[in-house]
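Q: Same order as they appear, the protein sequences are chains V and C.
So the first sequence is numbered by my numbering: it starts at 2 and just counts up by one.
So the second sequence is numbered by my numbering: it starts at 292 and just counts up by one.
Heads up, some of the hints might be wrong.
Stated by the list, open to error - Sample of chain V residues with no beta-carbon within 10 Å of chain C, all distances over it, derived:
| id | residue |
| --- | --- |
| 1 | Leu23 |
| 2 | Pro30 |
| 3 | Ala41 |
| 4 | Glu52 |
| 5 | Arg97 |
| 6 | Arg104 |
| 7 | Val116 |
| 8 | Pro139 |
| 9 | Gly142 |
| 10 | Gly155 |
| 11 | Gly156 |
| 12 | Gln175 |
| 13 | Pro184 |
| 14 | Ile197 |
| 15 | Arg203 |
| 16 | Arg256 |
What the hints assert, rightly or not - Per label pair, the in silico range of CB-to-CB distance:
| id | chain 1 | residue 1 | chain 2 | residue 2 | range |
| --- | --- | --- | --- | --- | --- |
| 17 | V | Pro113 | C | Arg495 | 32 to 42 Å |
| 18 | V | Leu50 | C | Ser488 | 27 to 37 Å |
| 19 | V | Glu69 | C | Glu610 | 53 to 63 Å |
| 20 | C | Glu374 | V | Ser234 | 26 to 36 Å |
| 21 | C | Gly485 | V | Pro30 | 21 to 31 Å |
| 22 | V | Glu51 | C | Thr520 | 33 to 43 Å |
| 23 | V | Lys170 | C | Glu374 | 32 to 42 Å |
| 24 | V | Ala222 | C | Glu688 | 31 to 41 Å |
| 25 | V | Gly232 | C | Leu477 | 45 to 55 Å |
| 26 | C | Phe578 | V | Phe115 | 38 to 48 Å |
Stated by the list, open to error - Covered stretches of chain V, as calculated for chain C (at least 3 residues, CB under 8 Å):
| id | region |
| --- | --- |
| 27 | 5 to 16 |
| 28 | 59 to 73 |
None of these hints come from the bench; they were simulated from the model.
Note that beta-carbon positions come from the ideal geometry of N, C-alpha and C, so glycine has one too.
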Amino acid sequence: MRKVSVAIVKLTSCSGCINEFLYAVASNPELLRRVALVYATEFQDLNTLEEVDVALVEGSVATQHQEELVKSLRGRARLVVALGACATFGGIQAARAGEDLRRVILSSYPNPDFVSVLPEVKSLDRVVRVDVRLPGCPVNGDSLARLLVKVIYGGGEAPIVENVCSECKRAGVQCVMVSRGVPCLGPVTFGGCGAICPSFGRGCYGCYGLNTALVDAERLAKFLEVLERLGMSRDDVDALLKSFSYSALARIQTRG
Amino acid sequence: MLHSVLTRVEGEGEVVLKTEDGRIVGVEVRISEAPRFFEYLVRGRLYTEVPDLVSRICGLCGVSYVITACRAFESCLGVEVPEDEDRLRMAVLAAERVKSHVIHVAYLNLPDLIGLGSLSELFESYAHVFQKASKVVLWARRAMGVLGGRFHNVVNVRVGGVYSFPSVERVKALRRDLDEVLREFLDLATFILGLKSISEEVHRLRYMAVAGSGGYSWVGDGVVLDDGTYIEVGSFENYVLTEQVSYSNALRYRLPTGEPYLVGPLARFNTYLRYLREEVRELLEGFGWYRSLRGVQQSVVARIAETYQTLLELRDFLEDYRERTVEGTVRPGRVRGPCVAVTEAPRGVLYHRYLLDGNLRVRSSNIITPTAQNLACMEYLIGSKLYGSSFDGRALELAKNLVRCFDPCISCSVHVARLGT
Chain V
2 MRKVSVAIVK LTSCSGCINE FLYAVASNPE LLRRVALVYA TEFQDLNTLE
52 EVDVALVEGS VATQHQEELV KSLRGRARLV VALGACATFG GIQAARAGED
102 LRRVILSSYP NPDFVSVLPE VKSLDRVVRV DVRLPGCPVN GDSLARLLVK
152 VIYGGGEAPI VENVCSECKR AGVQCVMVSR GVPCLGPVTF GGCGAICPSF
202 GRGCYGCYGL NTALVDAERL AKFLEVLERL GMSRDDVDAL LKSFSYSALA
252 RIQTRG
Chain C
292 MLHSVLTRVE GEGEVVLKTE DGRIVGVEVR ISEAPRFFEY LVRGRLYTEV
342 PDLVSRICGL CGVSYVITAC RAFESCLGVE VPEDEDRLRM AVLAAERVKS
392 HVIHVAYLNL PDLIGLGSLS ELFESYAHVF QKASKVVLWA RRAMGVLGGR
442 FHNVVNVRVG GVYSFPSVER VKALRRDLDE VLREFLDLAT FILGLKSISE
492 EVHRLRYMAV AGSGGYSWVG DGVVLDDGTY IEVGSFENYV LTEQVSYSNA
542 LRYRLPTGEP YLVGPLARFN TYLRYLREEV RELLEGFGWY RSLRGVQQSV
592 VARIAETYQT LLELRDFLED YRERTVEGTV RPGRVRGPCV AVTEAPRGVL
642 YHRYLLDGNL RVRSSNIITP TAQNLACMEY LIGSKLYGSS FDGRALELAK
692 NLVRCFDPCI SCSVHVARLG T
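Isolated chain V (complex conformation) (with noise of 0.2 Å):
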């Protein structure tokens, strides 16, 4: 039985997402079975980057290096999975782009000289083609569970178009900013997560990311004149949907 090889890279991130994939062994422990982990620091010593079937990247790109291993990645992988938020929209850390980069270190570093990073936080398809991107902060591990196993049975690629609202749909959970006025960011978020800050009583804050399969410029515009009739300032929605949809959030504006 030929085994998907499959390797790990971690870029500027948490790790939560590569969580998410012990995760989807320790509940499918067929999955070891059937995968060959070529290369993962986190769990293991013996790391060789060669040709893989599948790359899962997690984190944005934020330095030099980063920029060149996720290029020589791109010739070596079959497949390129974004993996979580970070790699598909830019991460939290994006919410620094565009900012005086030495102020932004100085914020952080009494030396800023010893740093080094790019004044940009990129998204992984701003640097190479990317396959498929399993959005959310952190991914839904359960996703990825479902995505390696078609991979291995080959299976292709079905491409998320849902926002949250679908989700608090099927799960029964009555609409927060209907119901009791409660700011909400799922109309115009991608579903994936099950409706977990609804279901909890509060608004979804966008963890995975601006739907731009279903929002445009305009109607992105309105909605956030309805957020603001219901209290939440302009400037904490923008932080907001530059924290988890940055590449996104470009992408619309740009398109008009």
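We have chain V already, so just place chain C on it with the hints.
A: Only chain C this time, still in chain V's reference frame:
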């Protein structure tokens, strides 16, 4: 000079051994992980949003960040947390501790103790052990889901308490399954504690834990050193010495004497040994481990003891659980000085400090992580073992193993640093 990428740890780092005439003369634990500048990211944000933001610092211990930030704001804004809500969020913190400890003990550290190099080898050669560990991790994941919303970046904790109480049925189901999980855990614990490969090596180390108000403590208003010195949380930041070195994206910390110090399970274990529950004490006594731990390789014993202690605490919580109504909106008072708090994250003392402006938005912040505090200690320890000895591959493996025993969380350590203001 020879260096090697750190493996079976969270995040990106390297250990470097410097040599002269074939003898090791220097050690560097390099933290190459790219920084994310959280101090910058939280600037200007409302205090209520900060817990969800700082949760993103760490993929393994995000709840510790959420709880520490909440406690920091509650203390400076005079917000009272209803007791039931506090118990619920402490249970989320407990479930995270189980997850983090078992992942390290079974998946990252155990291969060293039985001479394997990877998770996959563990799965192939010790499938029963792998599966027992997985059962505990999967239960902890479910507990975090039911009580907190998910395994990582939990959504049910806020400044002032929680957003909602989960239904009694879901909590009872967790309680029901916990008995089997405890049995699986004890099998795993018995297997590991019985291993002769847990090193008896003694390290002379200073250590620090959160000073609680009774019992084996996870939160408190200050920290305590091994010699009993107490430092109140408001003085913590000025008490420790901060240093930045050119080869690391993480800051490092020392005691005022310049000595490195250790935080984490071993420090807590030695500080609170007498408060371990009877069941935990009996388990340890059975293997001769009910005693102060003297070397970092024995941290695995502390992690097992704490996991058991925590599972038993969770059992009590689930037994007593009653569904409540959330008390509702927080009414913050006037800001009284800096917002500071310390919590025991799985890897040790986690310190947060925020300054708020008149609109309750963050003006500046500083977060000191457990791993950053342990970095100087790691280098000191590797150096004391290896200085003057001849260089070979074994030396490098030993250095990597010592680092791994600290269970470093490298992403955390670089994502936050000291703020000038």
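Q: Find the hints from earlier in the document that the structure breaks and name them by number, from lowest to highest.
A: The structure conflicts with hints 1, 2, 3, 5, 6, 7, 8, 9, 14, 15, 22 and 24, although it agrees with all the remaining ones.
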